[in-house]
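Enquirer: Below, each chain spelled out in residue letters.
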Amino acid sequence: MLNVFASALADIRAGLRLRRVWMALAHEDIGDQHRRTTLGPLWLLFNYLAFAGTFIFVFQRGDASTPHYSAYVATGLLVWFYMMETLTQSVTLFVREENFIKGTTLPLSTYVMRMATQSVMRAGYAMVGCLAILALSDVTFTAVWGWSVLAVILIILTAPAAITLFAFLGAYFPDSQFLVSNLMRIGMFLTPVFWTPGGHGIRNALYYYNPFTYFLEIVRIPILTGNVPVRSFMLCAAIACALWVVALVLLGRLRKQVVFVL
Amino acid sequence: MVSLSAENLGLTYRLRQKFTFRPKDKRMPTGGRIGGKGRTRFVTALDGISFKLNAGDRLGLVGSNGAGKTTLLKVLYGIYEPSAGSVEINGRVDALFNIRLGFRPEATGRRNIVLRGLINGWNENEIAARMDEIIGFSELGDFIDLPFKGYSQGMAARLAFSIATAMEPEILLMDEWIGAGDPSFQDKARARMDELAEKAGIIVLASHNHTLLQKTCNKIMELKGGKMVYFGPLNEYFK
Numbered sequence: 001m002l003n004v005f006a007s008a009l010a011d012i013r014a015g016l017r018l019r020r021v022w023m024a025l026a027h028e029d030i031g032d033q034h035r036r037t038t039l040g041p042l043w044l045l046f047n048y049l050a051f052a053g054t055f056i057f058v059f060q061r062g063d064a065s066t067p068h069y070s071a072y073v074a075t076g077l078l079v080w081f082y083m084m085e086t087l088t089q090s091v092t093l094f095v096r097e098e099n100f101i102k103g104t105t106l107p108l109s110t111y112v113m114r115m116a117t118q119s120v121m122r123a124g125y126a127m128v129g130c131l132a133i134l135a136l137s138d139v140t141f142t143a144v145w146g147w148s149v150l151a152v153i154l155i156i157l158t159a160p161a162a163i164t165l166f167a168f169l170g171a172y173f174p175d176s177q178f179l180v181s182n183l184m185r186i187g188m189f190l191t192p193v194f195w196t197p198g199g200h201g202i203r204n205a206l207y208y209y210n211p212f213t214y215f216l217e218i219v220r221i222p223i224l225t226g227n228v229p230v231r232s233f234m235l236c237a238a239i240a241c242a243l244w245v246v247a248l249v250l251l252g253r254l255r256k257q258v259v260f261v262l
Numbered sequence: 001m002v003s004l005s006a007e008n009l010g011l012t013y014r015l016r017q018k019f020t021f022r023p024k025d026k027r028m029p030t031g032g033r034i035g036g037k038g039r040t041r042f043v044t045a046l047d048g049i050s051f052k053l054n055a056g057d058r059l060g061l062v063g064s065n066g067a068g069k070t071t072l073l074k075v076l077y078g079i080y081e082p083s084a085g086s087v088e089i090n091g092r093v094d095a096l097f098n099i100r101l102g103f104r105p106e107a108t109g110r111r112n113i114v115l116r117g118l119i120n121g122w123n124e125n126e127i128a129a130r131m132d133e134i135i136g137f138s139e140l141g142d143f144i145d146l147p148f149k150g151y152s153q154g155m156a157a158r159l160a161f162s163i164a165t166a167m168e169p170e171i172l173l174m175d176e177w178i179g180a181g182d183p184s185f186q187d188k189a190r191a192r193m194d195e196l197a198e199k200a201g202i203i204v205l206a207s208h209n210h211t212l213l214q215k216t217c218n219k220i221m222e223l224k225g226g227k228m229v230y231f232g233p234l235n236e237y238f239k
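Which chain is which? The protein sequence lines are A and B, in order. Quick note: the first sequence, position 144, residue 144 per my numbering, numbers continuous. Quick note: the second sequence, position 104, residue 104 per my numbering, numbers continuous.
One should not assume that every hint holds.
Chain B stretches covered by chain A per the calculated footprint, using a threshold of three residues with CB under 8 angstroms from any CB of chain A [to be verified]:
id, segment
1, 79–91
2, 113–121
3, 185–195
With the Cβ distance kept under 8 angstroms, some of the chain B side facing chain A (calculated, not the full set) [to be verified]:
id, residue
4, Tyr13
5, Asn98
6, Lys149
7, Tyr230
Pulled from the structure, derived: some chain A residues nowhere near chain B, Cβ distances all over 12 angstroms [what the hints assert, rightly or not]:
id, residue
8, Pro67
9, Ala135
10, Phe141
11, Val230
It should be emphasised that the hints constitute simulated quantities derived from the structure, not laboratory data. Glycine is no exception: its CB is placed at the ideal position from the N, C-alpha and C atoms.
Same shape as in the complex, but just chain B (with noise of 0.2 angstroms):
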């Protein structure tokens, strides 16, 4: 049975000073609450978090920008490591962030469909089973054996859109909800990502859109400053 859950989730980072010959590196972080002085500033993306969710639950995170929401579904993930605090999950954890991360333009379509599988942690025998579905429901013909870089913008996101959503999630990770393509994609895709989204034994979107909030999820975690203020029925948090 799916699950997952997180114990008291911190996560401080230093904010280093690169060893430069520049005069300052005035980098700044995106979020969280900066601590320190000098040399020895660090940033608090995330402080105390605690949560648990199991199969069948679909948690909205809300919270201005730089609250904590992508940081949170990165440890989750597993691109950040938490400093502290836990994070248990049972079950395999697909994220959909950056899907046209890793399109190599030289290469075809079909190519990149490989490539991605492969990033993907597909072997040969999943990425030659989902090929034909990948490349029906993008819409390609016969372009996908033609160049990335020749395709047109719409083209680019319908297969980068077919090929990430392509996966069988347990528990899917999203970093607000993704379209692709001309108005007749994107009521395809839309209905992909509800399909996705009841597959799934649990999501965690982030998103700024209540109205899909509302639509799509069960509980609601607000996030302010890194730090969790709500968490629970949705219902409850729109009341």
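Only chain A is shown next, with the shape it has when bound in the complex (with noise of 0.2 angstroms):
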């Protein structure tokens, strides 16, 4: 096992010392899903303004039930963005990148790292809007916001070992990018992004036996209420190590056998 571990520790070592190039292939995948647009990248942020907007209008209740509704979306929909993205695009990865992978020596960590980039690219540009909201709404900024930030840091250094786990499933079970891009749709309405907890069993369930809406919390609470909660980090933090474990079994394994199944 210390031998599988070395092996995807060395991919993942080679992988860092190539950040250029896919840092630069991550900039230049951006620019090149919007080339020729008149707003370019900044669709990515009229996108987010528009679902944010859409269930803001919507969905407030203007009541005391939702207090602070619109903060409450922004930061949802910002990381379920996010984490939806990431997922679904990373289920197609190696085998969008078979050429590369055929033909080249690149890490696999390379394709990975290419694709977080890419997806905190297209996230910072909806932080934007984000932030933006945020200033707009009722909420008042403190010091707490700073655990915010952190998990963030969290969400992000999670991904590379979500992108890695799903690249795999989808190499090795084809089917699997339309059984997560159907279920990562349907998560949205399951995950509470726009919808708060209570009323009826099956809402509560929902809210609480869902592993994303700890990822959503862990933003969202410190900015809306100004409290850290604790136990959604320690459940994020164990879920990043376990994604992250699984992650390292399977590059290490799987990192010159996947070629073979593209």
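Two chains, each in its own frame: build the complex with the hints.
Expert: This is the structure in structure tokens:
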């Protein structure tokens, strides 16, 4: 097992040495996706604001039951879109990179980091929209918001592990791209992105038994309530560790095998 | 001193049935020998390959399609990990497989040179040092600052060739001899390839073109079904 971890870490070290490659490619990817459009990557900001604005306008009740609703939706959508896009795109990562994997000796972590960087860049545009909504909403900036920043960092650090896992899943189980894509679409309604807990039992169960909830909470709670959701933080850190262990095992065991299944 | 050797090199991989809801994954490997049954089938792509090359050696790989030539090149380059035996390499290995890999249609020719350079493992100084030479050799002139997708096929081939051959290889692996462009550029490309081959300490070239191999190589390895059936001097092989 030690050899497996050593192999995975060797891949990651080699990938980190090639950071200029994946950063350049991620930058090109974002540029290519919006080239020849008037707004360019600002479309990412526009999309986010359109979604957030619609949810806030349609679902805000204006009573005391949903305080700071606009901030609730703004933070929820920011985290959810990041996770949804990252996971959905990850499933096809190695399949998309087939020619590179079969034609170069670039470590697999290069592709993972390219994808992770691209997701962070895309989320960066949405974050500008999120900060604008927060500035216009009725939440008060406090030092506790620093915990939300830590939460964002934790989520970003978890992403490469999740990308690795889902990329292998997609390579060995081609149907998973449709399963994951559909699950994530449905997941938006099963995760408290724009709805709040309470009411009947199913909604509460969806809130508390959904791991995505806690990744939303660690960003959202410090901003909305000024409290630190310690248990949610611990749970997310545990999920992150578990994902990294699985990702390292997969990378160590399969990094030289995946070329044969593509 | 550059050298390249393999000892009892083998590559066997499992022919995986993908977990899919489709009735059966009918994809088959392009070469090698298939063994096993049902879900435990495996492909023996290379079997018991042993050879040693020293500085100045030019090895030609021959064999029918699926014999294992490209697979051997990919094992030597490090894309495939051998399942048996070992490879010992002293020297930096460069490969010319798919020279058009990774070109971005929306990016300019100049940006593509930077991106390809980074993928090749060059640092920024190395890219900058080679930039003018690559642009000059490709004869693209002012087109270098226009998007790659606007290039004609010949222009794209000239740029790809110019970048791919802008290196100083110690050990050079080639899957077929590459050429590019219109007749006038082809002469230039031929001269560049000769120069590259001359500079390289060791060359391994897979080709079906025996005339080319006789002109370029001093040793031949013939593969059949992943096994080495001949390894020795070129003169004896073509005698």
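Enquirer: None of the hints should be skipped; say for each whether it holds.
Expert: Cross-check of the supplied hints:
| no. | hint | result |
| --- | --- | --- |
| 1 | 79–91 | holds (count 3) |
| 2 | 113–121 | holds (count 5) |
| 3 | 185–195 | violated (count 0) |
| 4 | Tyr13 | 5 angstroms, holds |
| 5 | Asn98 | 5 angstroms, holds |
| 6 | Lys149 | 10 angstroms, violated |
| 7 | Tyr230 | 28 angstroms, violated |
| 8 | Pro67 | 46 angstroms, holds |
| 9 | Ala135 | 35 angstroms, holds |
| 10 | Phe141 | 40 angstroms, holds |
| 11 | Val230 | 39 angstroms, holds |
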